[in-house]
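Chemist: All chains should be modelled from the sequences, with the hints used to inform the complete structure.
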Amino acid sequence: MQDMKKLAQLLKEVEDQLVVCMRCGMCQSVCPVFAETGRESDVARGKLALLDGLLQEMFKDPTGVQDRLSRCLLCGSCAANCPSGVKVLDIFIKARAIITNYVGLSPLKKIIFRKMLSQPELFDRLLEWGSKFQGIFVKPVDDLLGTSCARFVSPLGDRHFSSLAPEPFHRMVPSLDTPAGASGLKVAFFTGCVIDKVFPRIGTAALRTLKHHGVGVFIPKEVGCCGIPALSSGDTDTFNKLILHNLKGFGSRNFDYLVTACATCTSTIKKLWPTMAEELTPGELDRVKALAEKTMDISQFLVEKVGVKPEAAGETGEKTLITYHDPCHLKKSLGIAVQPRTVIQANPSYRFKEMKEADKCCGCGGSFNLQYYDLSSAIGKHKRDNIVDSGCSVVATSCPACMLQISDMLSQAGDRVEVKHAIEIYAESLDKK
Amino acid sequence: MISQAVIKEFERILGKEKVFLDETDRHTYSYDAAVLEPVLPSVVLRPTSSEELGRLVRICNENSIPLTVRGAGTNLSGGTIPKKGGAVVLTNALNKILEINTEDLYAIVQPGVVTAKFAAAVEAKGLFYPPDPGSQAVSTLGGNVAENAGGLRGLKYGVTRDYVMGLEFFDVNGEIVKTGSRTVKCVTGYNLAALMVGSEGTLGVFDKIILKLIPMPTGRKAMMAIFDNVIKASETVAAIIAHRIVPATLEFMDNFTIRTVEDYSRVGLPTDAAALLLIEVDGHPAQVEEDAAKVESICREMGAMKIRVAQDAAERDKVWEARRAALSALAKLKPTVVLEDATVPRSKIPAMIQALEEISRRFNLTIGTFGHAGDGNLHPTILTDKRNKEEWHRVEAAIDAIFDKALGLGGTLSGEHGIGMAKSRYLEKETSKGTILFSRRIKAALDPKGILNPGKIIGE
Ligand SMILES: Cc1cc2nc3c(=O)[nH]c(=O)nc-3n(C[C@H](O)[C@H](O)[C@H](O)COP(=O)(O)OP(=O)(O)OC[C@H]3O[C@@H](n4cnc5c(N)ncnc54)[C@H](O)[C@@H]3O)c2cc1C
Ligand code: SF4
Ligand code: SF4
Ligand code: SF4
Chain D
1 MQDMKKLAQL
11 LKEVEDQLVV
21 CMRCGMCQSV
31 CPVFAETGRE
41 SDVARGKLAL
51 LDGLLQEMFK
61 DPTGVQDRLS
71 RCLLCGSCAA
81 NCPSGVKVLD
91 IFIKARAIIT
101 NYVGLSPLKK
111 IIFRKMLSQP
121 ELFDRLLEWG
131 SKFQGIFVKP
141 VDDLLGTSCA
151 RFVSPLGDRH
161 FSSLAPEPFH
171 RMVPSLDTPA
181 GASGLKVAFF
191 TGCVIDKVFP
201 RIGTAALRTL
211 KHHGVGVFIP
221 KEVGCCGIPA
231 LSSGDTDTFN
241 KLILHNLKGF
251 GSRNFDYLVT
261 ACATCTSTIK
271 KLWPTMAEEL
281 TPGELDRVKA
291 LAEKTMDISQ
301 FLVEKVGVKP
311 EAAGETGEKT
321 LITYHDPCHL
331 KKSLGIAVQP
341 RTVIQANPSY
351 RFKEMKEADK
361 CCGCGGSFNL
371 QYYDLSSAIG
381 KHKRDNIVDS
391 GCSVVATSCP
401 ACMLQISDML
411 SQAGDRVEVK
421 HAIEIYAESL
431 DKK
Chain S
1 MISQAVIKEF
11 ERILGKEKVF
21 LDETDRHTYS
31 YDAAVLEPVL
41 PSVVLRPTSS
51 EELGRLVRIC
61 NENSIPLTVR
71 GAGTNLSGGT
81 IPKKGGAVVL
91 TNALNKILEI
101 NTEDLYAIVQ
111 PGVVTAKFAA
121 AVEAKGLFYP
131 PDPGSQAVST
141 LGGNVAENAG
151 GLRGLKYGVT
161 RDYVMGLEFF
171 DVNGEIVKTG
181 SRTVKCVTGY
191 NLAALMVGSE
201 GTLGVFDKII
211 LKLIPMPTGR
221 KAMMAIFDNV
231 IKASETVAAI
241 IAHRIVPATL
251 EFMDNFTIRT
261 VEDYSRVGLP
271 TDAAALLLIE
281 VDGHPAQVEE
291 DAAKVESICR
301 EMGAMKIRVA
311 QDAAERDKVW
321 EARRAALSAL
331 AKLKPTVVLE
341 DATVPRSKIP
351 AMIQALEEIS
361 RRFNLTIGTF
371 GHAGDGNLHP
381 TILTDKRNKE
391 EWHRVEAAID
401 AIFDKALGLG
411 GTLSGEHGIG
421 MAKSRYLEKE
431 TSKGTILFSR
441 RIKAALDPKG
451 ILNPGKIIGE
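Line by line, the protein sequences are chains D and S.
Under the UniProt record's numbering, the residue at position 132 of the first sequence is numbered 132, and the numbers go up by one with no gaps.
Under the UniProt record's numbering, the residue at position 182 of the second sequence is numbered 182, and the numbers go up by one with no gaps.
Simulated from the structure, these hints should not be mistaken for lab results.
Careful, some of the hints might be misleading.
Okay, the calculated bits of chain D under chain S, using three or more residues with CB under 8 Å as the criterion [claimed, not checked]:
| no. | region |
| --- | --- |
| 1 | 17-27 |
| 2 | 50-62 |
| 3 | 83-92 |
C-beta: ideal position from N, C-alpha, C; glycine also.
Modeler: Right, dumping it as structure tokens:
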């Protein structure tokens, strides 16, 4: 193991933010991981204390801290509730990068991030093969949710996962450049990996909606992942590469807003691109900041810029009961909770009903789900219970990653509840307009 | 150090996953919410049943292993810092509400039940458990009992002590001791609960707590009285009580706190006011109206510039949002926050507030003051950066001065945060040598090896 003094020096970068934590413990009340385990190292206060310990050179080996740091959904619930305003996510993400750079990326992650994710074309091709051959390895389990499970013993365990789409979104719509219509607005659309590869129907619904409202759309040929999987594992190299790749794609093209239908992408582009991008030239950084400024969740765009309003409570026959799950990255990170509900309520065929703890994390957390599946699904089960208790037959949300997790949970429990994106719900209503 | 054989014994009782030995895990149990140096325990144990808890206590005693119980670790006096190392025993897996009795108005709980969850469960049955420490969203009932925690409603409803009807606890030998009962009246035997409440884990380990419940008041009304003079505001506190009205809550906020809260949460506080009183009366709706009107007129007579009476629940929530934001708002200004707990007889609040202003000037420190003025319990909050050694010395000196003043005014070292490690050295100042010796004899009789939370309250 290398010199711990050096690591402590590297961590000085976060020291000023670390000392802000007054160890009050209030984060315990909202941390979904702590709620399952009751372990102090699983809650923000404990992790911050551990980082402080590293900084004070109290440990012989940083991997213990690295492990505990990875047991976190990066859901931001703690930060949203912290009396002291500790920038928990910034600290965790930065510290993960510092420690990972110091001890090195695991060989598996190296392959996934450096050899696949950071080369979007190769990544696309790999997953397209995957989509063709997935039938050999997996079998469908739930027609309503479109989930499958492994046929053989597999590293995926007993997950019920949403299958890869037969045709990814970027094949259906390789690029797009339509002029602003009646709205006078033009947006760039950032697809995001999960929508592209698993739920292209969300992308299609978004495009239909934008077209309906006379919004011009630009989709560049060259886009990749927003980079959060790499960043949250501490791989800033890949993260930076992906930002540059995307920057090239969106280029200096003129558009009013950058819109996404993925809560995680929105918060990553808006909050993490400008603050966590290193090694960019000042010019590039300025462009990243300008792009971040313009970035919006699609329901926010529809409500705030296009003027979508909830439908008046007119009776139009049978209504389907629908509820909504707040993705952490939308509500806690960006404070967007009303707009997606408005968009859903704009479809008169549905009746909206709040579920209990609508803004409680679903437990997905990206790589957290891969690394700590048991914990992730224990958290997900509470979400499932709340969805089922609401008595709704559809649950909507605004993040495709949440959709994967919720589908898994509902499918495993054998519940007949559909999982949809808020924009799909809205797009359905356009047929009748 | 704890021998391998004992560790094996712990693992046999609890299973390996509930025995934390890794240094990173142990590190996360070396601190609490007090601004004190951390101390690493040798092992952390997480029992999930009473039986396990009792056995752990016994083994620790037999092997002379210091044992510190930990609820949520939110105490502000170092009560859960394992001063002598040894074992930290967690209660957060002992978190069942065993019974809520709506006929006889009591509840039986395990010590790890989170206060706010308990209050909500009780409320769902139309009943009321008033103690509401600011930390209630995470603090445990065991921790509340051990600290005799109070809250915003202390003035009218008292503190945790006033709701403990009975206790079952493990003595240091791991034998169960029962005191009190489910009856409202009970004079059987020594009043051991009176000794155990506030004992900060130094005399025994709570296993079950019987708590008194009361009917939920049917009416509430809140108001904000705005003053251009701190002294007038603080004199109003005593005046209200002197008029034989006991509000449920009577909170104070100084100008610095008002401005900070307003900056932070924009609830519409008058930033030019010298001080605010936030007052809530509750009870039967008719009585509430009468009391609210009386309080309003007293405030006017005492020279309040303005009084805002909350017209509905939303406005009332706003008043309390402002108060609850106080610590958060102050905490955001500087890295280190020292939330003190000076408490004086109500009539001495004006003098105490004046003294705090003087201390802030003398030591050149930023101190925001807010708190439960109705019961004389102020929270002067010092904003600093612990890393600035020179300033930190001044902070320590200011804390000494604050306690001297509070004691000089006939007050006490702690209204609700306990003594723990943080204040044990002041104890003699408030009490006497004899009191400490007497307390130490009790401790020695009940815990001859001194393994239960050593070094707390009465020192060593
Ligand atoms: C933001 C904030 C606001 C606060 N507001 C208030 C307030 O308004 N009023 C107030 O009174 N306090 C307040 N506090 C202080 C603190 O929350 C209380 O002292 C609370 O009662 C501690 O509960 P806990 O579960 O965290 O106990 P811990 O901190 O874990 O333990 C406190 C003490 O109790 C002992 N203990 C815990 N469980 C047991 C058991 N089962 N048997 C025996 N001993 C046990 C511990 O050994 C320790 O000595 C506040 C703290 C914070 C951080
Ligand atoms: S709530 Fe904030 S200040 Fe309090 S312990 Fe958690 S991170 Fe620290
Ligand atoms: S980000 Fe979420 S999971 Fe991580 S510590 Fe905070 S609340 Fe817990
Ligand atoms: S946030 Fe998730 S779905 Fe969106 S682009 Fe990034 S990895 Fe893909």
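Chemist: Taking the earlier hints as the rules, which of them does this structure contradict?
Modeler: none
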